[in-house]
Amino acid sequence: MIVYKSMENNSQKSAIIVGGGIGGLCTAARLLKNGYKVTVIEKEDKVGGRANRIEKKGYTFDMGPTLLMMTDVLYDTFKYCGKNFDDYITLLQLEPNYRVAFADKTKITVSSNLPKFSSELEKFDPKGPEQFFKFFSDVSAMYRISRKSFIDRNFRRITDFINPVSGAQLLKRRGLSKLYDFVAYYFKDERLRQLFSFQSMYLGVSPHEAPAVYSMVSYMETGLGIWYPKGGMYSLSMAMEKLVKDLGGEILTSSSVEEIIIKDKKAVGVRLKKGRVVSANTIVANADLVYAQKELIAEKHRPSSPNQKLENYKQASSALLFYWGVDDPCEQMLHHNVYLCKDFKGNLEEIFHKKKLPKDPSFYTYIPTKTDPTLAPKGKSVFYVLVPVPNLDSKVNWEKGIKRLKKQVISRLKTEFDLDIEKKIKVESVFTPEDFKKKYNLHVGSAFGLSHHFFQSGYFRPHNKSKDIKNLYFVGASTYPGGGIPMVTLSAKLVTERILSDAK
Numbered sequence: 009m010i011v012y013k014s015m016e017n018n019s020q021k022s023a024i025i026v027g028g029g030i031g032g033l034c035t036a037a038r039l040l041k042n043g044y045k046v047t048v049i050e051k052e053d054k055v056g057g058r059a060n061r062i063e064k065k066g067y068t069f070d071m072g073p074t075l076l077m078m079t080d081v082l083y084d085t086f087k088y089c090g091k092n093f094d095d096y097i098t099l100l101q102l103e104p105n106y107r108v109a110f111a112d113k114t115k116i117t118v119s120s121n122l123p124k125f126s127s128e129l130e131k132f133d134p135k136g137p138e139q140f141f142k143f144f145s146d147v148s149a150m151y152r153i154s155r156k157s158f159i160d161r162n163f164r165r166i167t168d169f170i171n172p173v174s175g176a177q178l179l180k181r182r183g184l185s186k187l188y189d190f191v192a193y194y195f196k197d198e199r200l201r202q203l204f205s206f207q208s209m210y211l212g213v214s215p216h217e218a219p220a221v222y223s224m225v226s227y228m229e230t231g232l233g234i235w236y237p238k239g240g241m242y243s244l245s246m247a248m249e250k251l252v253k254d255l256g257g258e259i260l261t262s263s264s265v266e267e268i269i270i271k272d273k274k275a276v277g278v279r280l281k282k283g284r285v286v287s288a289n290t291i292v293a294n295a296d297l298v299y300a301q302k303e304l305i306a307e308k309h310r311p312s313s314p315n316q317k318l319e320n321y322k323q324a325s326s327a328l329l330f331y332w333g334v335d336d337p338c339e340q341m342l343h344h345n346v347y348l349c350k351d352f353k354g355n356l357e358e359i360f361h362k363k364k365l366p367k368d369p370s371f372y373t374y375i376p377t378k379t380d381p382t383l384a385p386k387g388k389s390v391f392y393v394l395v396p397v398p399n400l401d402s403k404v405n406w407e408k409g410i411k412r413l414k415k416q417v418i419s420r421l422k423t424e425f426d427l428d429i430e431k432k433i434k435v436e437s438v439f440t441p442e443d444f445k446k447k448y449n450l451h452v453g454s455a456f457g458l459s460h461h462f463f464q465s466g467y468f469r470p471h472n473k474s475k476d477i478k479n480l481y482f483v484g485a486s487t488y489p490g491g492g493i494p495m496v497t498l499s500a501k502l503v504t505e506r507i508l509s510d511a512k
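For this note's numbering, count along the sequence shown from 1 and bump the result up by 8.
Careful: at least some of the hints might be erroneous.
[As the list claims (entries may be wrong)] Here are the simulated distance ranges between beta carbons:
| hint | residue 1 | residue 2 | range |
| --- | --- | --- | --- |
| 1 | T98 | K446 | 27 to 37 Å |
| 2 | K362 | G283 | 37 to 47 Å |
| 3 | K142 | I62 | 36 to 46 Å |
| 4 | K113 | A511 | 51 to 61 Å |
[As the list claims (entries may be wrong)] Pairs of lysine-lysine residues, derived as DSSO-like cross-links and limited to a Cα-Cα distance of at most 30 Å, are as follows:
| hint | residue 1 | residue 2 |
| --- | --- | --- |
| 5 | K446 | K363 |
| 6 | K113 | K362 |
| 7 | K113 | K350 |
| 8 | K41 | K473 |
| 9 | K250 | K238 |
| 10 | K87 | K21 |
Just so you know, these hints were derived from the structure itself, not from any lab.
Backbone N, C-alpha and C define an ideal beta-carbon position, used for all residues, glycine too.
Let the hints inform the model, and build the full structure from the sequences given.
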């Protein structure tokens with residue numbers, strides 16, 4: 009066993025980041041900029057966490073996140089570190105953003121070109137444009153309020169979260185109601201209500217349960233735009249990895265952490281699977297919070313987070329993912345496409361309450377070769393399908409269910425998008441909730457981690473600093489502000505601010 013001498017009394021500041029996801033890499037970069045010696049330890053053979061990729065027979069598939077918004081947080085990270093984001097990666101703005109197909113055979117194309125989008129809305133309701141601009145005005149204000157008061161900040165006490173001025177502004181705009189109800193106030197057409205509320209499913213929560221404040225995602229889409237990193241979403245992970253190395257950081261891959269070592273109520277290092285001990289005076293866990301606490305820290309060290317409390321956190325839904333290499337250019341499709349089933353509410357009820365596979369699934373497709381043909385052989389397409397499903401806290405026959413859902417998706421692509429690919433799928437990989445659990449250590453295979461209902465948002469979400477263990481911090485989707493690339497990037501900013509403040 010190789011044991012590294014503790015750096016507890018060393019004058020140099022040191023940090024270990026457990027997990028090389030986007031949040032962990034951004035934290036590493038920020039700490040390096042502040043003079044820390046940083047080691048990132050990742051159990052997989054490459055960094056990225058859920059923002060990963062697989063390559064198969066000439067096709068390159070992004071495995072996880074596919075929508076990129078709020079890009080200012082990425083630019084800010086690189087600028088903070090004294091680097092230019094554009095030197096590391098090229099972003100392309102998508103126009104239009106995506107297309108949504110409804111079960112009644114109607115379709116709408118969502119665009120950041122607001123006059124063009126207004127014309128689309130008018131086809132559904134003559135008052136659609138008027139309703140939209142009222143909605144857009146309120147959600148843009150909600151975004152600005154939330155960004156300043158609830159998203160881009162640390163919470164040390166509940167009074168930091170309950171801000172009378174910001175709270176009053178949100179109440180004025182019905183920001184504390186449920187998302188679907190909030191949207192229904194503006195739009196009368198059921199299809200438009202679905203169009204502006206389904207986005208909460210990006211976070212694995214039903215629009216009938218998500219706080220209305222998540223309507224700001226609609227503003228982020230249409231107001232700030234949807235972007236694509238050239239080379240695929242994994243290019244972001246590669247850019248972050250390069251940033252860390254350029255700043256002098258060390259990255260250990262294929263290295264699984266078995267224990268966060270606690271001594272005298274302080275985190276002092278980690279023990280790897282093969283017995284190697286790596287020491288540092290700051291430990292940041294960029295792993296699923298339930299897993300990190302339960303599996304890496306003995307319960308006796310964390311009285312504020314006993315196992316039962318961790319089990320009681322509400323987990324988000326999961327996803328069934330198909331990665332298809334298709335022998336077709338898929339000209340009928342856009343880069344992003346969504347199908348919303350006939351019984352939208354019933355579909356949500358099945359996933360979130362009955363914990364069943366949906367009878368008639370809604371689904372999302374991502375075809376990056378529409379923008380970046382280098383990801384597949386000439387004339388062929390990378391075709392990513394996401395079907396919202398329950399997490400593993402359910403009794404589902406996955407083997408049987410996967411076959412049925414695949415058949416239904418292929419059928420809907422033919423009937424709703426006029427795309428017949430059944431015999432053109434030349435390459436296939438499938439990623440299930442069980443895979444989310446095994447590959448990413450996500451509790452009950454929840455693809456999106458902790459749910460984003462009100463009492464698991466903001467101050468009520470697990471904090472980024474341990475209450476019980478000095479020098480132990482958390483970053484990523486399980487802590488505030490939440491899931492998604494922009495939010496975990498902000499999470500890195502916030503945890504770095506907390507670490508630097510504590511070190512003074």
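* Asked: Going through the earlier hints one by one, which of them does the structure break, listed in rising order?
  -> Violated hints: none; all satisfied.
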